[in-house]
Structures are given as C-alpha cells and as structure tokens.
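With the working numbering, letter number 136 in the sequence shown gets 127, and the count goes up by one each step, no holes.
Accuracy of the hints is not assured; some may be wrong.
Stated by the list, open to error - Listed below are the simulated SDA-like cross-link pairs for lysine to any residue, each with C-alpha atoms no more than 25 Å apart in a straight line:
1) LYS205 to ARG72
2) LYS103 to CYS136
3) LYS83 to ARG215
4) LYS99 to PRO29
5) LYS99 to ASP138
Said to hold, decoys possible - Per label pair, the in silico range of CB-to-CB distance:
6) LEU55 to LYS205: 44 to 50 Å
7) ALA0 to LYS209: 53 to 59 Å
8) ASN108 to LEU55: 32 to 38 Å
9) ARG147 to GLU71: 22 to 28 Å
10) TRP177 to ARG147: 22 to 28 Å
11) GLU17 to PRO176: 57 to 63 Å
12) ALA59 to TRP200: 28 to 34 Å
13) TRP177 to ASP137: 18 to 24 Å
14) VAL68 to ASP131: 22 to 28 Å
15) ALA(-1) to ALA59: 50 to 56 Å
16) ALA157 to GLU71: 35 to 41 Å
17) VAL14 to GLU71: 32 to 38 Å
18) ALA59 to ILE33: 16 to 22 Å
The hints are simulated quantities; they were obtained by calculation from the structure and are not laboratory data.
Quick reminder that beta carbons are idealized off the backbone N, C-alpha and C, glycines included.
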Amino acid sequence: MPFGLEEAALAPMDQGIELVMAVARETASLDFSVVHLPAMPIYGLILVSLRGLWLCLWQRRWRLLGIAPILAGLLTVPLERQPDIIVDSGGKLFAVTDSGGAIHLSSKTKAKYTAGNWVRRAGFELSRAGSFGQSRTIPDLNLHCDDVGCIMSKHRQRIALVTEEAALREDCRLADIVVSATPVPWACPSAIAVIDRFDLWRNGAHAIWLTGGKPIVKSVNGERGDRPWVLRPSKAD
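Build out the structure end to end from the sequences listed, making use of the hints.
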C-alpha cells in the first residue's frame, strides 16, 4: 500500500466478493430458500445436542448409534404446542394462537422486537402474522374486540383480554380467565385465573395454555427462577 500497488490485490478480491454476493442473491430468490419452523422443545434440543456430541467425540462405529436419537429429537418440533395466549411484560402486546397454529398479534406497531420473537418462535414471518385490535372479530378464535379489550372463547371458557380499566368490572364478573394490562384491584368471582399488570411487572411476560380447566400459566421469571439481583416488587408496592 505505501507504493500504491494494492489495486493489484484488491481488484480480484472485489470480483470474488461480487461472485459470492451473486450466488447469495440467486439462492435467496429460490422457492423455499428459507423454511420457518417452530422452536424445538427443550427436551428435543437436549437430545440433539448430546447425541451430536456423541457423534463428534467417538471414532468407532458405535458412534453411529447417535443418529437415531438426533432424528427423534428433530421430530419433537411438531409435537410442541404453542401457547394459546401470550402477553408481554408491559401489557402492551397480546398474542393469540388459532387452531392452525398461526399467531395473531394485538398490534404490529407496538413492541415490534418482542412480536418478531414470538412470531419466529411459532414458525412464521412477522409479515405473515395476523392482527386483531379495536372493533376486530376473528371467527376461528371466537374473538371479538372493542376499544377496551377483547373477549375470546375456547374449550367452553370465556377469556377476557383487558386493555382498559373500563372493561374490568364486567369481565371480572363474567370471564373464566382474565388477562389485564391494568391492575385488578378487586377479586374476580367468576375467574379461575387472573393475570394483571402487577403479575406482569413482577414476573415478566406470560404464556397461557388453555386446557378446559385451570389453565397452564408460565412466566419468564417463573421459568428462569428467582435471581437475587432482580427487583421483584410486590402488589403492596
């Protein structure tokens, strides 16, 4: 470079980079160049990882015994059931899953990073995700929305997704499951499960699986365990 001779090396390097980019563009334009799949369940991931190590570490023929467990681990992908309802830690974004496994978002403009993660984990692109919101009805989900929230029915249960405090009194009286972006200051006599703003604040995003009885509820902090350096306020706060 001090003698101005670098062009002799940079010119063929430029041609090589252009060739790599042309191959990449052509490959990306092919049908099914990218296939989106749902996230693998943890037990499938462990099975694939351990048997992958088995294949890599052993040199004898018995290492081939790792192939069948790897295939079994890959087959766990369609067995993972997506949550019926997801709500983010700020209560700004809800997602519901229809009978075909497609995910529908309450908004495509709020919490876009979080929404993208949810949709990719379900095996879809964000651009293909459905949406629901004010004055929106999705028949497949028996979901109806207005300015203060949404009501959906599944397994003969009524689920209220509350976005404004004005909907709380009626929904607390009629819904079997209440998920509220606002605090719920009183008991809900009809509800078997209530998740409100305080629960989201303390435990982070929640995922809910509807079963026809008491729902299965998992939260971020509940799954990763108590961490002494993470502030976890109480309802009294």
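For this session: Enumerate the violated hints, using their earlier numbering and listing them in ascending order.
Result: As far as the earlier hints go, not one is violated by this structure.
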